[in-house]
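Protein chains in written order, with our numbering: chain U, 2 to 310; chain Y, 242 to 334; chain Z, 24 to 269.
Keep in mind the hints are simulated off the structure, nothing from the lab. Cβ coordinates follow ideal geometry from the N, Cα and C atoms, glycine included. There's no promise every hint is true.
Below, simulated DSS-like cross-link-like pairs (lysine-lysine); rule was C-alpha separation at most 30 Å, straight line [unchecked claim]:
id, chain 1, residue 1, chain 2, residue 2
1, Y, K295, U, K17
2, Y, K295, U, K302
3, Y, K295, U, K211
4, U, K21, Y, K295
5, Y, K317, U, K306
6, Y, K317, U, K17
Restraint ranges, calculated between C-beta atoms of paired labels, are given here [said to hold, decoys possible]:
id, chain 1, residue 1, chain 2, residue 2, range
7, Z, F259, U, R14, 43 to 49 Å
8, Z, K146, U, G88, 33 to 39 Å
9, U, D200, Z, E80, 57 to 63 Å
10, U, Y236, Z, Q202, 55 to 61 Å
11, U, R252, Z, A255, 48 to 54 Å
12, Y, D298, Z, Q238, 33 to 39 Å
13, Z, S133, U, Y236, 44 to 50 Å
14, Y, D298, Z, S247, 44 to 50 Å
15, Y, N243, U, A221, 42 to 48 Å
16, U, P20, Y, H260, 15 to 21 Å
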Amino acid sequence: MTPDELFQDRIDRGIKIEPKDYMPEGYRKTLIRQISQHAHSEVVGQLPEGNWITRAPSLRRKAILLAKVQDEAGHGLYLYSAAETLGVSREQMIADLHSGKAKYSSIFNYPTLTWADIGAIGWLVDGAAIINQIALCRCSYGPYARAMVRICKEESFHQRQGYEILLTLCRGTKEQKAMAQDALNRWWWPSLMMFGPHDSESTHSEQSTKWKIKIVSNDALRQKFVDQTVPQGEYLGLTFPDPKLRWNAARGHYDFGEIDWDEFKNVIQGNGPCNRDRLRARIAAHEQGAWVREAALAYAKKHEKRAAA
Amino acid sequence: MNEWPLWEVFVRSQHGLAHQHAGSLHAPDAETALNNARDVYTRRNEGVSIWVVKSADITASSPSEKGPLFEPAASKPYRHPTFYEVPDEVKHL
Amino acid sequence: MSLPEYLLRLGDNALILSQRLAEWCGHGPVLEEDIALTNVALDLLGQARLWLGYAGELTGRDEDQLAFLRDAGEFRNVLLVEQPNRDFAHTMARQFFFDVWHGLLLEKLSASKDERIGGIAAKALKEVAYHKHRATDWILRLGDGTGESHARMQQAADDLWMYTGELFEMDALEGEMHQAGVGCDLAALHEPWLNEVSRIFREATLEVPKQSWMQRGGKRGIHSEHLGYILAEMQFLQRAYPGAKW
């Protein structure tokens, strides 16, 4: 067998690929793109929720949100580390994010306008992310799969805290319930977009599935998300902003309407409501932190020399 | 590129186990690496002891040597207790 | 009736500093530091809840009513903790000055005759020992790092020095708490604080600021302009929707 055939054989037999193992260049590149995009999503994802840490309506909520947004930073860090095992530096990945070359999840280009949005992000956005991430725990690349296991374990509270926020709002005043409904109206469709284009339109799908970098198809994951989320929303007493949404007993699934793919494409291309703000905030943090990073390095070098002398 | 070096983090959990690889992080020096490891990898009470080591200082076995390094051990089943036949009546063995 | 007031001083310090640190979340100089700063913010927020919870029990209000429904003049934190983050050097100078003092204070309070105070202080002391350790590391690295970091660190220390005097200010309330064995003699903390700060500054190649005129007033509710903005943001939802549960 050729090295590539041996490689595929290992994957077919469910043996994990580890950093120093042989891998085709395409596998390495696809993984770097996918993992770094995932890492960027965590880090940029800190921003829309971070918005509300200083405005959280109770000290309990403030502590929870702070811990959650901190977790996102941690998850970004685990994922950057996983990508680094493929021979790309974090510095390079960050540069690619800032130059617009690398993408991140389009969902974080939507604004968080009310406190209910924090609930909706936890419930819907984290809910969608978890479905995707649970599948990825079985992916073929060892460091990525292990990062996913750790992330899934930590994320389990994220979705629950979001749902709890909305439950409290829905049981609260009329204004609070309206706030929750408004958040669902705005976040539902972007959440469905998180699973990416239809399988028929998805460019990298076939090869990625063969390599077990992609485990379940976009449409199958999206369906799973809709099926599990709709009853949760009904329990809240909220209405989904989709007139075509209804249970299909024959299929054993919910039917739902078509995503506005024009909007999806535009947000990905940088025309979402917050793309520029998000990137600007990340670049500012990085640039304003440069002197801090340099100082720590300079100090380490000085003291290394002194210790050696 | 002036990136902080990469460190590998090993954490011993509270259950009296050996240190286990938890992940990696960037830090300018060992002291900061230890602090960062505490903040990044023990947020949920995961550890009672941490080791950090520069990734560049780790010497790893090469995958191409996997055959010669590890396969010979596979053909020595007599190193495992299940290799031996012991009658059920004999206890504590 | 002075005990609740005393607890507000302790709780408001932790709350306002936590609020300031939380502003860094998502904007830190490096991912690792983002996570670390948030840990400190979370510790302080936890401490604030314990102090305010206790104060609330004595006055029939809960932690949220105390945090979200008092106006600036009723806040009892020192001026130091409400100063803006500005840059990482200012944030760390503020943290270092506070942490060294906070550690000394909590050590005394962990022996308080009020067992509840003693218990909270003992728990907080462990957290603060780590905060101080980290802040010290940064003072050393920024002070003795590059020319730019040294200049920024020195500037931050100079800017914030005038807010350190209030930490050691004894007034009637502090005196009463000290006499009762509940609080401690803050003035007596000044020497060990200055010794520690001077020792670390020397090692960090920084000058201990010479400024001797000190700002005060926070502990009596006379704050800098900054606190009003902090509260406007922090209290917005509770104010906009009176009586709602969150």
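Exercise. Just pull the numbers of the violated hints for me, sorted ascending.
Key: 3, 5, 7, 8, 12
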